[in-house]
Amino acid sequence: MSSTTDHKVIINALYDDDDVLLKGVKDVRAKGYHVEEVYSPFPVHGLDHAMGLAPTRIGTAAFFYGLLGLSTAIAITYWMMIVDWPMNIGGKPSFTWGYNMPAFVPIMFELTVFFAAHLMVWTFFFRNGIYPGRKRLNPDPRTTDDKFLMEVELTGDREELMTLLKETGAIEISEKTDQNA
Amino acid sequence: MHYEAPIREPLIKGDKSYHDITVEVARPIETKAPRSWWLVFSLSLIAFLWGVGCILYTIGVGIGTWGLNKTVGWAWDITNFVWWVGIGHAGTLISAILLLFRQKWRMSINRSAEAMTIFSVIQAALFPGIHMGRIWMAYFVFPIPNQFGSLWVNFNSPLLWDVFAISTYFSVSLVFWYVGLIPDFAMIRDRAVKPIQKHIYKILSFGWGGKAKHWQRFEEVSLVLAGLATPLVLSVHTIVSMDFATSVIPGWHTTIFPPYFVAGAIFSGFAMVQTLLIIVRKLFRMEHYITIQHIEMMNIIIMLTGSIVGVAYITELFIAWYSGVEYEQYAFLNRATGPYWWAYWSMMTCNVFSPQFMWFKKLRTSLMFTFIISIVVNIGMWFERFVIIVTSLHRDYLPSSWSMFSPTFVDIGIFIGTIGFFFVLFLLYARSFPVIAQAELKTILKSSGENYKKLHE
Chain A
5 MSSTTDHKVI INALYDDDDV LLKGVKDVRA KGYHVEEVYS PFPVHGLDHA
55 MGLAPTRIGT AAFFYGLLGL STAIAITYWM MIVDWPMNIG GKPSFTWGYN
105 MPAFVPIMFE LTVFFAAHLM VWTFFFRNGI YPGRKRLNPD PRTTDDKFLM
155 EVELTGDREE LMTLLKETGA IEISEKTDQN A
Chain B
701 MHYEAPIREP LIKGDKSYHD ITVEVARPIE TKAPRSWWLV FSLSLIAFLW
751 GVGCILYTIG VGIGTWGLNK TVGWAWDITN FVWWVGIGHA GTLISAILLL
801 FRQKWRMSIN RSAEAMTIFS VIQAALFPGI HMGRIWMAYF VFPIPNQFGS
851 LWVNFNSPLL WDVFAISTYF SVSLVFWYVG LIPDFAMIRD RAVKPIQKHI
901 YKILSFGWGG KAKHWQRFEE VSLVLAGLAT PLVLSVHTIV SMDFATSVIP
951 GWHTTIFPPY FVAGAIFSGF AMVQTLLIIV RKLFRMEHYI TIQHIEMMNI
1001 IIMLTGSIVG VAYITELFIA WYSGVEYEQY AFLNRATGPY WWAYWSMMTC
1051 NVFSPQFMWF KKLRTSLMFT FIISIVVNIG MWFERFVIIV TSLHRDYLPS
1101 SWSMFSPTFV DIGIFIGTIG FFFVLFLLYA RSFPVIAQAE LKTILKSSGE
1151 NYKKLHE
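Protein chains in written order, with our numbering: chain A, 5 to 185; chain B, 701 to 1157.
In case anyone wonders, no lab produced these hints; they're calculated from the structure.
Only some residues are given here: those of chain A computed to face chain B with a beta carbon under 8 Å:
1) Ser44
2) Gly63
3) Thr147
Under the rule of at most 27 Å between Cα atoms (straight-line distance), these lysine-lysine pairs were calculated in the DSSO-like manner:
4) Lys804(B) <-> Lys27(A)
5) Lys1154(B) <-> Lys27(A)
6) Lys898(B) <-> Lys732(B)
7) Lys12(A) <-> Lys913(B)
Treat the numbers as computed from the prediction; the structure is a model and nothing was measured. We put the beta carbon where it would ideally sit given N, CA and C, even for glycine.
Next comes chain A alone, as it looks inside the complex:
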């Protein structure tokens, strides 16, 4: 997914420290520039806030997936044990779901967890667009080791942005090309 289009120029700034990067992101945004993306080897605390990213809603999604799992468990136990083929097992009530419910609690719990966990992880993969064999998303292989890459959209004077990035402590500054995209 190349984000470079004809009218948009992206400047890459490489950092070698998470604190310097975080301050860099704040400084660059304070000057009115748009930070396109940041690649980091580990989650940098406070980075999403500094970049102005909206909070993720994946936890909420997991809650609804869990509800779906719970409903599934209620539906299958009701259909299989009460409606389709009620069995007299140790004299336990088999004619209403409510009376038999305590015996179904483990199934209800397990299916809630099963649905919530798996569907959330599938959502995580889908929303991130990651799958087995995907071409690596980081333009610079060093960003999974110890380097941090900030992509800034160039607006206004080029030299001004370059100077600003240098001041924030970037160790390498380059224009994003198709090779490193």
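Please arrange chain B on chain A, whose structure you already have, making use of the hints.
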């Protein structure tokens, strides 16, 4: 912002940078295996193949090849099943419960502990499968319509709850482990020079690039998975214990079983983590990441859970006496003084007595001592399951049908085979997967690294 009280021991020793962590975690994958690895791997592989042979023999001939008889219908198979499932509890406990409690020392051990969880649940799942006798009918445990019409599974049965609990636990632990592995696979991918290696890690890493939004979701997913896995891990051994507790066999029919089994599972799981990590840290020179402090923390958990198990044993005895039920009383008297007294007292010695040494700081910080105790504890926990299962069954209500259980070579072979299989999987993992969650560990380097802590002083 990276401050941590100086009274806390550093979790990462030495003068480390982010790059050092990368290099040292990638080293076992990028270098040739030490000779000792090949030696242990060969032995494990032989044991595994022997186990495969015994399993095939069982499937071909039937479970008459085992030492079971009319009175003792469950013995080594279920003992081994419960033992392996129990061992499989530490991994998710470390990564989920310790994550919720913000225990940062989990970071350098959770990867291997979770791997251990997954591999031991695989061993555990083998046993109910082959104990069915007709393994090709195994799909009957799933709620699917079958060829006799829609005769469904029995959702009232703890054995079916077990199917759901173990499958959920296995699959959720697997994705939890894998989501954590993705950034580390990406790190290996970006360092790989050999084309085949690069390609394999390209597939495994899902193209991970460490984008800010992805990390944000990653952290949320880890937290929610931890929240889901915490009750899950407690539910699994609870449900395993209900296989026994909901029956009416004296010695099994007790309400203390769920918490007692869960404590025992954590106890044996941590012991197995100790056994494996003491070897891993030595073999792959991870002493700076898996420090004596980590070993000590785990020893304290072993001591605590071992004591809980001890209290449970004594409570069981008391309740048996206090219940006034003579069958219950006899079951416990027979455990301690009957023909299986040696199993009972091995259990007591290994599980209740031996962890008490961990009260001494000198002993719980000694690697050799920890290693020995970790093995002793797992022997003890195997005996615990054997005692619960076999001694409760072998003298039932009718003295004319009292009997003893003696394992055949097939019973023993399958057990040894699962130990072999477990080590085969673990050794392959240790050579091809990043054994330390390096991305996560890098986040605490500035607060808990030895060199950074010195800077703060």
